[in-house]
Amino acid sequence: MTILSYDSTLEGFLTTVFEIFEFKYQEPQIIKKDDLQHNMFATPIEIVTDITKSDRVIKKLTDQLQNDGVRTLIYAFLSEKVGVEDLLYKVIHYAVANKSKNIMKDFSNDAVLQVSQLTKSVGREKHRMEAFIRFELLKDGIYFAKIDPDFDVLTLIVPHFKNRYQDQKWLIYDLRRKYGVYYDLNDVEIVEIDLDKKLLKSDSEIYSDSEINYQKLWWEYFDHTNIKERKNTKLHVQHVPKRYWKYLTEKKIF
Amino acid sequence: MNYDKVKEKLEILADAAKYDVSCSSSGGNRKNTAKGLGDSSATGICHSYTEDGRCVSLLKILLTNFCIYDCAYCVTRKSNDIQRAAFTVEEVVDLTINFYRRNYIEGLFLSSGIFKNADYTMERLVRVAKKLRLEHNFNGYIHLKSIPGASDDLMREAGLYADRLSMNLEIPTESGLKLLAPDKNHQDMIKPMGFVKNQLIQYQEEKKKFKNTPKFAPAGQSTQVIVGATQENDFQIIQVADHFYKNFDLKRVYYSGYVPVSNDIRLPAIGAQVPLVRENRLYQADWLMRFYGFKANEILDKNNPFLDLEVDPKMSWALRNITQFPVIIQNASLEMILRVPGIGVKSAHKIIQARRFQNLNLEHLKKIGIAVNRARYFISVSNENSHLKFLNALNLKEIILSDTKSKFENPFSNQLSLLNDNSFLR
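Listed in order, the protein sequences are those of chains B and G.
Everything in the first sequence is counted per the numbering used here, starting at 2 for the first residue and increasing by one.
Everything in the second sequence is counted per the numbering used here, starting at 11 for the first residue and increasing by one.
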């Protein structure tokens, strides 16, 4: 067995894949550098991220699996699931061994199926973020939202919000991974900052004058659009799992 | 803006609009060009769900609940003693924009009680949509209600600004309508629907010739029928739906279980149960017609006019057509795989893909996401399927029922527990 460690980035992972083929490492196991302490008895090979190598892997995979297949692999990678690297390597290995087929459709292969299920979960989380993010208008005119997604989907949702909100500044901040994306009316950039305490705590003085009024109007609307005779809590919670309630203005207590 | 006043209106006019079940925001295709606000998501987004489990995608309100009609099934009927209110055009526009900017909604669903006359009302609705599109460069979703009897000119204008237009039949038969809403007739509803349908075709034709043809209601038309207010059977309802899908090219027919809002003796009394299971079965039948290749007369016929409440309509069809089974998964056509109970559209396509790589067994099907507990009675796979032996059993339905549990088995458990308790009733 060969243990290879990389820097947790997608490019790092793809570089690792490249080198496995390049140096014909046997029985590779891929781990994140930060998780090294769990493996103190084996000496890992440290992979240095190399964009030319990762780009070549992407190009090769795109030729064989089309954009859709590559997208599936990237989504699964963003699940951050323990062991996802080995799973992805298995799929890539399977693809390389079957050059003539698009193996991403082979749902009877266990690794392919697992990857496609991870991709589905990540896609679902992405969609939920697009639905459940609630912006709050700050005094300085920025629409601000805090999120805490199960998977690292923040970069995936940028195109959606960039298309949608072109005439307002906005900032979406991932509390767990401590980075955000900020749109300044022209471009979106990734910002790695520690959030101001007032923003973290939703201190009322940070909001623009009308903000709380609109939140209350929305809260009221949500309450009145419900048909009480049809109450179905099970279905409600199935659609809006409780872990997302903290995002939602309509679930806030004023 | 006076928030307290708007809040009061919002309470009244959201309450009055909630019985319109459509909340779809899909099918819009407006793109945000020129740094405007909003971009339609082709698949639609549910931004929240009400406590009754319905999607909240649009700000769904009435412009006003003043109404000249007296439809017995409607909460805003003229004779009902309720608080009345009316939004101004500016208020609706302001609410829509501010909710949209905060990612609460995909857009606006604006309906209205009918005040003065049809055209006067329709003109106001159009004015809201026009202001949003032209003054605020808004590309979000707009669903406008077509007012029965509105003129062609207004309907044409409405189609230019709205993504979807809808006209609710409410009562599926003319006789039922005569009974409950004597001032209304189906002809007034069908005329604008027919006009919109023809416009849709015309704009599509022009689009082929001229690239810059403006959009006309890109998300199409829909309608709604109330279930359980009058005596129509499911066969009649499905026939009506089928007729409108075929002849008016509708995107959707919605079925709304009647929620009692009146003590009128012509209607179920206040407190009567909402027919949720029946409503659900009608939606399933609707899906069979639109996505599974079933014809209306395969689902129900004159001698068999009600949908089985115990099993879904596809299962019901399978039980009546047992000679069509078992379906051999490895080589059956897509059409036939779609007819197997427990196999959905996506799973059917996955089966077609996966079987090219190897012979599929029940384990594979389970992993693909098929409801194997229902499907296994009707399919033949590469390994042994012991459940197939029941296929010709006379009590197949009972066997399947004892094996599967419906999520609707006790939908009212949380509300009627007190009344179900005999000691309490005595």
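Some hints here could point you the wrong way.
[Unchecked claim] For each label pair, taking beta carbons as the anchor points, the in silico distance ranges come out as: (1) B/D204 / G/K41: 33 to 39 Å; (2) B/K247 / G/N371: 42 to 48 Å; (3) G/R137 / B/N68: 41 to 47 Å; (4) G/H196 / B/K229: 55 to 61 Å; (5) B/L201 / G/D162: 54 to 60 Å; (6) B/N68 / G/S185: 36 to 42 Å; (7) B/L201 / G/L398: 48 to 54 Å.
[Said to hold, decoys possible] Straight-line C-alpha distance at most 20 Å; calculated PhoX-like pairs for lysine-lysine: (8) B/K106 / G/K41; (9) G/K356 / B/K106; (10) B/K163 / G/K41.
Since the hints were derived computationally from the structure, they do not count as laboratory data.
We treat Cβ as the ideally placed atom computed from N, Cα and C, and that holds for glycine.
A quick look at each hint next to the structure:
A C-beta distance of roughly 38 Å is found between B/D204 and G/K41, which places it inside the suggested range of 33 to 39 Å. For the hinted restraint 42 to 48 Å between B/K247 and G/N371, the CB-CB distance of approximately 43 Å keeps it satisfied. Look at G/R137 against B/N68: about 44 Å separates their beta carbons, and that is inside 41 to 47 Å. The hinted window of 55 to 61 Å between G/H196 and B/K229 is violated, with their beta carbons roughly 32 Å apart.
The given range of 54 to 60 Å is respected by B/L201 and G/D162, whose C-beta atoms sit roughly 57 Å from each other. Checked against the given bound of 36 to 42 Å, the beta carbons of B/N68 and G/S185, roughly 56 Å apart, lie outside it. A hinted range of 48 to 54 Å for the beta carbons of B/L201 and G/L398 is inconsistent with their spacing of about 60 Å. The suggested pairing of B/K106 with G/K41 is violated, with an alpha-carbon distance near 32 Å, which exceeds 20 Å.
For the given pair, G/K356 sits about 13 Å from B/K106 by alpha-carbon distance, which is consistent with the 20 Å threshold. At roughly 12 Å between alpha-carbon atoms, B/K163 and G/K41 fall within 20 Å of each other, so this suggested pair holds.
Hint violations for this structure: numbers 4, 6, 7 and 8, all remaining hints satisfied.
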